[in-house]
Amino acid sequence: AAGVIQSPRHLIKEKRETATLKCYPIPRHDTVYWYQQGPGQDPQFLISFYEKMQSDKGSIPDRFSAQQFSDYHSELNMSSLELGDSALYFCASSSKAPGLAGVGSYEQYFGPGTRLTVT
Amino acid sequence: RKEVEQDPGPFNVPEGATVAFNCTYSNSASQSFFWYRQDCRKEPKLLMSVYSSGNEDGRFTAQLNRASQYISLLIRDSKLSDSATYLCVAARRGYQKVTFGTGTKLQVIP
Chain C
20 AAGVIQSPRH LIKEKRETAT LKCYPIPRHD TVYWYQQGPG QDPQFLISFY EKMQSDKGSI
80 PDRFSAQQFS DYHSELNMSS LELGDSALYF CASSSKAPGL AGVGSYEQYF GPGTRLTVT
Chain Y
3 RKEVEQDPGP FNVPEGATVA FNCTYSNSAS QSFFWYRQDC RKEPKLLMSV YSSGNEDGRF
63 TAQLNRASQY ISLLIRDSKL SDSATYLCVA ARRGYQKVTF GTGTKLQVIP
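First to last, the protein sequences are chains C and Y.
Mind the numbering: the first sequence is residues 20 to 138 in my numbering, read in order.
Mind the numbering: the second sequence is residues 3 to 112 in my numbering, read in order.
Please keep in mind that the hints were generated in silico from the structure rather than gathered at the bench.
Some clues are possibly wrong.
To be verified - Calculated cross-link-like contacts (lysine to aspartate or glutamate; reagent style DMTMM-like; alpha-carbon spacing at most 20 Å):
1) LYS47(Y) <-> ASP84(Y)
2) LYS44(Y) <-> ASP104(C)
3) LYS4(Y) <-> ASP75(C)
4) LYS76(C) <-> ASP84(Y)
5) LYS47(Y) <-> ASP49(C)
6) LYS44(Y) <-> GLU126(C)
Working from the sequences, and respecting the hints, build out all of it.
This is how it looks when you write it as structure tokens:
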């Protein structure tokens, strides 16, 4: 079965540079989420999109922005990179189709992540 | 206080043992709950959703107690391959944001 695709898998940038991470959700999934996971930490929610509109916002710095395109893929743009931005960035996707419980399913399926290193 | 809390462990258990993890959530608006497992430096993988009536999938059983606002995961007959970090997740109905717990590390020992 098709999974969430993220690119690139690894990225090395210098301080103050910019980076763009890409996410291709599972086909027919309409919601995309971005997470940041630092070493030894749990995934921190950054932002989500539903049907190409921002649906929720978490702890995303103002230096970061994201969008979801007409083909449902999403990009996370990171500017003025800082050393503290070094982390694993995960994208996840979900579908709002009803689940077994008869309510909207928010089961999220994660991509393999992009490891960003800022030097 | 974090919105979703877990005992970080580590839980070191012998093969074949039964182990249980608990997770508490503070936001009473949380409606959907999940358990994920995460191997080192890999993405979280959905283990199971947690339903009000409780659910079982092979050696794994999940329970939800809304009154006490906690979720549990029981693993029977532990295998070496069960060694991972288990993340508890709570989601609010009508929103797409979910909150992860800090994870509980399990190490199954031969």
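Hints, verified against the model:
With a C-alpha separation of about 13 Å, the suggested pairing of LYS47(Y) with ASP84(Y) holds against the 20 Å cut-off. Of the supplied pair hints, the one linking LYS44(Y) and ASP104(C) holds, its CA atoms being roughly 18 Å apart against a limit of 20 Å. Only pairs whose Cα atoms come within 20 Å are accepted, and LYS4(Y) paired with ASP75(C) is accepted, the gap being roughly 19 Å. Straight-line distance between C-alpha atoms of LYS76(C) and ASP84(Y) comes to about 33 Å, which puts the hinted pair past the 20 Å bound.
Proximity of LYS47(Y) to ASP49(C) is assessed by CA-CA distance (about 19 Å); at most 20 Å being required, the pair is judged to hold. At roughly 18 Å between alpha-carbon atoms, LYS44(Y) and GLU126(C) fall within 20 Å of each other, so this suggested pair holds.
Hint compliance for this structure: hint 4 is the single one not met.
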